[in-house]
Structure formats: C-alpha cells, structure tokens
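K.L.:
Same order as they appear, the protein sequences are chains H and Z. The numbers in numbering that gives the first Met the number 0 rise by one with no breaks, and the one at position 145 of the first sequence is 144. The numbers in numbering that gives the first Met the number 0 rise by one with no breaks, and the one at position 109 of the second sequence is 108.
Careful, some of the hints might be misleading.
Identical copies carry no separate label here, and so any pair may be met within one copy or between two of them.
Said to hold, decoys possible - Derived lysine-lysine pairs resembling DSS-like cross-links, with alpha carbons at most 27 Å apart:
#1 1 to 34
#2 130 to 114
#3 124 to 114
#4 15 to 114
Because the hints were derived from the structure by calculation, they are not lab data.
There are 2 protein chains.
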Amino acid sequence: MKIYGDSISGNCLKVKWTADFLGRSYEWIETEVLKSASRTPEFLALNPAGQVPAVILDDGRPLAQSNAIILHLAEGSALIPADAYERARMLEWMFWEQYSHEPYIAVARFQVRFKGVPLTELEPKIFDRGKAALQRMEDGLADSPFLAGDRVSLADVALVAYTREAEDGGFRLADYPKVVAWIARVEQALNIT
Amino acid sequence: MKIYGDSISGNCLKVKWTADFLGRSYEWIETEVLKSASRTPEFLALNPAGQVPAVILDDGRPLAQSNAIILHLAEGSALIPADAYERARMLEWMFWEQYSHEPYIAVARFQVRFKGVPLTELEPKIFDRGKAALQRMEDGLADSPFLAGDRVSLADVALVAYTREAEDGGFRLADYPKVVAWIARVEQALNIT
Chain H
0 MKIYGDSISG NCLKVKWTAD FLGRSYEWIE TEVLKSASRT PEFLALNPAG
50 QVPAVILDDG RPLAQSNAII LHLAEGSALI PADAYERARM LEWMFWEQYS
100 HEPYIAVARF QVRFKGVPLT ELEPKIFDRG KAALQRMEDG LADSPFLAGD
150 RVSLADVALV AYTREAEDGG FRLADYPKVV AWIARVEQAL NIT
Chain Z
0 MKIYGDSISG NCLKVKWTAD FLGRSYEWIE TEVLKSASRT PEFLALNPAG
50 QVPAVILDDG RPLAQSNAII LHLAEGSALI PADAYERARM LEWMFWEQYS
100 HEPYIAVARF QVRFKGVPLT ELEPKIFDRG KAALQRMEDG LADSPFLAGD
150 RVSLADVALV AYTREAEDGG FRLADYPKVV AWIARVEQAL NIT
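Bound conformation, chain H alone (with noise of 0.2 Å):
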C-alpha cells in the first residue's frame, strides 16, 4: 500500500496510526500541502479531489477520504466494535469530527501555526465552534473512558489526531480534563507519541 500523506496533517497521521496498529506495511510518500504537492495532475488522477490523505491499495485501487481508508484498513479488527450499536457510536462521532470537529480545531491550528496567521485575525465563529466541540467531547467522555465504549476504536483515532494539537490553534486544553486524560489514554492504546 502507498499512502500519499502530509506528515502535518492529522487527518493523515489517522491512516497512518491506523496501519501501524494493524501491523500494516506501507510506503508514506510525504506529500506537502503547502507546495501544493495535492494539487499536481499526477495527484488529481490518484484523488479528484486533490485532499490528502490518499492511498493506493495493495491491488492498486485508490481511496482517499481519511475515515473512509481507516475503516476500510481495519475491517474486522479490534478498533472496530463488535457490537452494532456501539459501532454506530463510533461512525457517529466520525461524521460529527469531519462536520463539527476538523473545521474548527484543525483550521484554526492550520491557519495560526502553519499560515502565520494571528490568533486575533480568526474568524470568532471558529473559536466559539472549537469550543462547543470541545465540550461536546468532555461531556461524551463523562461515562466512558474511549468515545465509543470501553475499548480504542477508529473514533477515537479519528478524534484524537487534532484535539491533541489543539492549542496549536488557541484553545485551552487544560479546560477539559477528561479530554486531556483521554488524550494520553488514547496515545498510549495507540502507541504514538
């Protein structure tokens, strides 16, 4: 498998975690966003949508769309639940990081740590949505010690990749202590670091 990655990219490092958990082997082909490197027609024929991550299967199909290849990568393993109410919970929260998560903790980080942009100059909707998800997370995290039951699943992995990077963008962990908790919890059953 080749995985087209941008090693500053959470939504990238998911695919990445995700293989190395399953004991996957891979080609990481670095991929900058920044040189628009996902821009290139050579990119555009692999992912029309010219997102990374992107990866070429072992048979040669392509994927891109970074919850949709973490869950095909781990079909039938342990960081998919077994029980299908629990495995809605965690396409649930999937969905929900890709609506209401990475558009505000992601960007915010991009643009302030990455575009050099000063956290005065964000758009306040970007700080109030941040927060909500946030809460949202601290207040799923109330009964359970992984979002989606007792064990890591791809929620998580899929969670985890820019909430620990969130300060990066101006938001104050510390505000959220089972999240920070769920943070470590989640790196160590991941083995990353």
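Given chain H, work out where chain Z should sit, using these hints.
P.N.:
Using the frame of chain H, we list chain Z on its own:
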C-alpha cells in the same frame, strides 16, 4: 423507531428515505430547526450536539449524524455494497459529502431559501466550493450509473439529498448533465419524488 427530523432538511430526509426503502416502520417527529426545536433541553438530552436528524432506536437507544444513522439502519441490506472496495468508495463519498459538499450546497440553499439572504450576499467561497463539488460529482459519474458502482447505495442517498435542491442556492444543475441524469436515476431507485 422514532426519527426526530425537519422535513426541510436533506440530512433528515436521508434517514426517512432509507427507512422507507428498507420497509422499516417509524414515527416521524417534526423538529423545526428554524423554531430552535433542536436546542430544547429535551432534544439536547437526546443529541447533545443539538443537530437533526437524531433517532431513538427500537431498543430505546439514541443515535445521531445522518450518515451514521443510515449506515446503521442499512447494515446487511442492498444499500451497502457487499464488495469491500465498493463499500469503501461508498464511505469515501459519504465523508466527502459532509466535508466538501454539504457546507456549500446545503448552506447556500438554507441561507437563500429559508433565511432570506440575497444570493449576492453569500460568501463567494460558498459558490466556488459548491461548484467544485458538483464538478467532482460530474466527473465521478463519468463511468458509472451510481456513485459507488452499478447499484444504488448509501452514497447516492447521502449525495442526492442536497444535490437535487442545489438550484435553490443559486447553482445551475444544467451545467452538470451527468448529475442531472443521476438525480433522476436515484429518485427512481429510491422511489422518492
């Protein structure tokens, strides 16, 4: 099953269409976003994210996020391809829908049709990205009658919901003839009007 949904919301209609296609019985509880019905304490106890649709399954447990709900309802049905790669491509389209299509195509429609915002006052980014999304679909339908293979799947359910309403937000569907033909094909396959 109880479906809490707003009839003007494509995300909610996805759940209705899937349940109808599968012959699942349900009670539809109209939950009007414009009247803040998704922000009441009762609703927030059901879905802390404050978004419709949300369902209460037959066993009394809640589930949210349109695409997670339809994936759960349709498990084992013809709406999810049996082939692992086609299933992964279906998921790729579904995650792409929430990240790269809904925030432009659905948001433009909502602002213009339901909030009364003049087309000229929408952010130009909404049009640029919305048009890119429609072109991505046009290209994706070049060789295939449906988005994830030869049969209708949840990818089509997820994407048709707002694509068929795109003109309400100022997009011109006639510029995307394969998309227009696909909308009719999906409407027929799902028996929706």
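K.L.:
Each hint should be assessed against the structure and marked as holding or not.
P.N.:
Evaluation of the provided hints:
1. Within a single copy, residue 1 and residue 34 get their C-alpha atoms as close as 20 Å, which meets the 27 Å cut-off; across copies the closest is 49 Å, which misses it.
2. In this assembly of identical chains, residue 130 and residue 114 lie within 27 Å of each other by CA distance both inside one copy and across copies; the values are 21 Å within and 26 Å between.
3. Taking the shortest Cα distances, residue 124 and residue 114 sit within 27 Å of each other both inside one copy (18 Å) and across copies (19 Å).
4. For a Cα distance limit of 27 Å, the shortest separation of residue 15 from residue 114 inside one copy, 24 Å, qualifies, whereas the shortest one across copies, 42 Å, does not.
Hint check: no violations occur; every hint is consistent with the structure.
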